[in-house]
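Visitor: Sequence:
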Amino acid sequence: MRCLVLVLLAACGDTDTAVPDAPDNAPACTGATYDNCSVNGDCASMDCHLFSQNGFQVCTQPCDAANPCPADSDGNAGSCNNKGICKPIQNTVCKP
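Residue numbers (my numbering): 2 to 97.
The reader is advised that the hints may include incorrect statements.
[To be verified] Computed Cβ-Cβ distance ranges for the label pairs, DEER-style:
| # | residue 1 | residue 2 | range |
| --- | --- | --- | --- |
| 1 | N26 | A66 | 37 to 47 Å |
| 2 | P28 | N83 | 27 to 37 Å |
| 3 | A66 | D25 | 17 to 27 Å |
[Unchecked claim] Derived DMTMM-like pairs (lysine to aspartate or glutamate); straight-line CA-CA distance at most 25 Å:
| # | residue 1 | residue 2 |
| --- | --- | --- |
| 4 | K84 | D48 |
| 5 | K88 | D65 |
| 6 | K84 | D73 |
| 7 | K96 | D48 |
| 8 | K96 | D73 |
| 9 | K84 | D65 |
| 10 | K84 | D43 |
| 11 | K88 | D73 |
| 12 | K88 | D75 |
| 13 | K96 | D43 |
| 14 | K84 | D25 |
| 15 | K96 | D25 |
| 16 | K88 | D43 |
| 17 | K96 | D65 |
Since the hints were made in silico from the structure, they are not lab data.
Even glycine gets a Cβ: it sits at the ideal position worked out from N, Cα and C.
Turn these sequences into a full structure, and let the hints steer you where they fit.
Guide: Right, dumping it as structure tokens:
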């Protein structure tokens, strides 16, 4: 049943899915690409996406050959997935 709920939530653009807990000393998220988020309004791009297979929900942005994905805070380039959105290797550790 949980898997079904996650699949349904992943299909929605703006969800209330819980974000993994960040450590108490983690900085506040700024809404930048790959920051943790709970809803679209948490993101400068207005695009909060659940990557359920990776266990995180982050701010993302559209991408294509002319608009590649930015690198994360560690310098790792994100990938443009088959939905045309940037997918990071990992989420930014911050509190939404």
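Visitor: All hints, please: hold or fail.
Guide: We went through each hint and held it up to the structure:
no. : hint                     : in the structure
1   : N26 with A66: 37 to 47 Å : holds, 39 Å
2   : P28 with N83: 27 to 37 Å : holds, 32 Å
3   : A66 with D25: 17 to 27 Å : violated, 41 Å
4   : K84 with D48             : holds, 13 Å
5   : K88 with D65             : holds, 12 Å
6   : K84 with D73             : holds, 19 Å
7   : K96 with D48             : holds, 17 Å
8   : K96 with D73             : holds, 16 Å
9   : K84 with D65             : holds, 10 Å
10  : K84 with D43             : holds, 21 Å
11  : K88 with D73             : holds, 10 Å
12  : K88 with D75             : holds, 14 Å
13  : K96 with D43             : holds, 11 Å
14  : K84 with D25             : violated, 33 Å
15  : K96 with D25             : holds, 9 Å
16  : K88 with D43             : holds, 17 Å
17  : K96 with D65             : violated, 29 Å
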